[in-house]
Amino acid sequence: MYAIITISIVAIIVLFFGAFGKKKMILPVIFVGLPLAFIVNLMGWNQSIHYFNEMYIDDNFTIAFNGLLLFIALLIFVFAPVYYKSVKRPLEDIYALILFSLVGGLMMTAFGNLVMLFLGIETLSLSLYLLAGSKKSDPRSNEAAMKYFLTGSFASGFLLFGIALLYGACGSFNLEDIKLYVIQNQANIPAMFSIGLLLMAVGLAFKVGAAPFHFWIPDVYEGSPTLITTYMATVGKVAAFAAFFRLINSSFGDVDFLWKTSLIVFAVATILIGNFAALYQDSVKRMMAYSGVAHAGYMLIAIIALKGNAAGVLLLYSVSYSIATITAFAVLMMVRKETGSFSIKSFNGLAKHNPTVAFAMTIAMLSLAGIPPLIGFSAKYQLFVSAIEQGQLPLVIIAIVGSMVSVYYYLRPVVAMYFTRSIESTPFEAAKLYKKQILFVALLLIILSFIPGLIINLI
Amino acid sequence: MFQVYLFLFLSCVALFSAMMVLLSKKPIHSVLYLTLTFFALAGHYILLNAQFLAVVHVIVYAGAIMVLFLFTVMLLNLNKEGQFPKTTLVKIIAAIAGGLLFVVLIGSLKSFDLATVSNPAVSQIGLVKNLGKTLFSQYLLPFELSSILFLSAMVGAVMLGKKDKE
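Protein chains in written order, with the working numbering: chain P, 1014 to 1472; chain E, 2 to 167.
Calculated directly from the structure, the hints in this document are not laboratory data.
None of these values were measured; they are calculated from a predicted model.
Mixed in with the good hints there might be a few duds.
[Said to hold, decoys possible] Pairs of lysine-lysine residues, derived as DSS-like cross-links and limited to a Cα-Cα distance of at most 25 Å, are as follows: (1) E:Lys164 to P:Lys1098; (2) P:Lys1350 to P:Lys1149; (3) P:Lys1036 to P:Lys1350; (4) P:Lys1035 to E:Lys164; (5) E:Lys163 to P:Lys1160.
[What the hints assert, rightly or not] Over 12 Å on every C-beta distance to chain P, these chain E residues come out as not near it, computed from the model: (6) Lys26; (7) Lys111; (8) Ser148; (9) Val159.
Ideal Cβ positions, reconstructed from N, Cα and C, are used throughout, including at glycine.
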């Protein structure tokens, strides 16, 4: 709760500094505000406080996921000054929008009421639509914003209709009341209830980018400015998954026959489409977009295998996916800055001149592919183990096949970096700017690889 | 008794202007008649004791959306007759679509037991006072947090609308 207040105040202060022309103060305020919010967020640990008539539930699940979201946002702000180095105008609007969307994300992990869920999703998405179009001079960015806005508002409509139907069946927006209703009417669930649940699942599947509602992801991720794509692919996805998990876990655990089959279909389609489409991409940015789709499929498995410590598994998977994705996108920003293209050819010979950066990219790719001993492996392993415990063996086999396919396309940039010669023979100029930050994130990824057990047992 | 006369009057206005939306030759007349329809419906809401809904209806539909329609019609210069040819195919499609909606409405009305419906004018739920009480007690947090949503929309509008110097 206090984290939301802190972030909102920081965003408004940022806007004021921008309005009064104090450009140099903007980033320091953010770098003080985000860690402060992180600390404030930790204060309610193990207390499980319910604020404002069950609107906001501050349990350990919320705190862990909100901490992750705040930390990812902080990492992305580390790259903001280098990414926007050549932009002369003050960027207070973009930074404020990122912070506002973060508030939306924090609401989504903690909702105890469907009104809060909808409000959180809208706050997150609205800011992301605007951020996707924040590079006004670039037609691709405009296209991305338009596509994201149209399809996203359509999905919000589905979600809202689902919420309305659920309200019609249960007479309440409160998750506890819906759970009570489910327990009492388990034998004869009305059609209105199951259709509402299905519509909500469709809306949320769109927001997490699961097939068959993934069609917006490649274009939007490719067209948006890379820093914003990183933000979308990490904060947007993790927040949507936390919301999805909380919704299913707190209200619909007892009626899994209503949603399990549809989610399994979503997961299988997402894993297959994401991995196989990524094979054919020439642009690394587009490949990362499809990889994001594939990872959404794996994360859906954590929701399907609801019992046991699925929340911990989801947290571990979110951590591993987010940190590796940030590293990969940071290298991509650097390469793009230098060569002006996202294609796989622009990675040629990177290892010779910039060994540190090439090493970071390799680590990120291997972790995303799930190669031991990196954190990506332990995340996938725990996920598959918990799914098998719930009797989802066929699903796990499909997921493993998908993982094996993914190794091919994750290794393509690595092969280009180490084994293909480049035409240019000078080291990248942009590497000087990005090197420290990229090294920091890659080291973080390596350190986290040693402590997967700590993360998984957190909640 | 006064209420019944008012109801009949408003209904006549609503039906007449709704028909005129379809029958007017000029798009701009259709838009203006649509505004009149919305006002008549807002009157119905007040009769049903739903003040808040009536006000929101006027502000959102008659205010915002209709102004948008008017601007579109004027800016794109659509205000000419015969711009949209009505072929037989279009007429058949429209008849089928409208007819299906009509059948659905009849069907749902038939299965509806009118005797059990309580008079909504008696209930106090739509009054601004009760709504405000709920909004500021039970739904205080969403109410406050929606300000973040609106603020981000405003910031974004300025960001997209502003002209960069470089």
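Hints, verified against the model:
1. E:Lys164 to P:Lys1098: Measuring from Cα to Cα gives roughly 19 Å; hence the hint holds.
2. P:Lys1350 to P:Lys1149: holds, 18 Å
3. P:Lys1036 to P:Lys1350: The hint holds at about 24 Å.
4. P:Lys1035 to E:Lys164: Holds, because 20 Å separates the two Cα atoms, which is no more than 25 Å.
5. E:Lys163 to P:Lys1160: Holds, at about 21 Å.
6. Lys26: Correct as stated: the minimum Cβ-Cβ distance to chain P is 32 Å, above 12 Å.
7. Lys111: holds, 19 Å
8. Ser148: Its Cβ does come within 12 Å of chain P, the nearest being 9 Å, so this is violated.
9. Val159: violated, 7 Å
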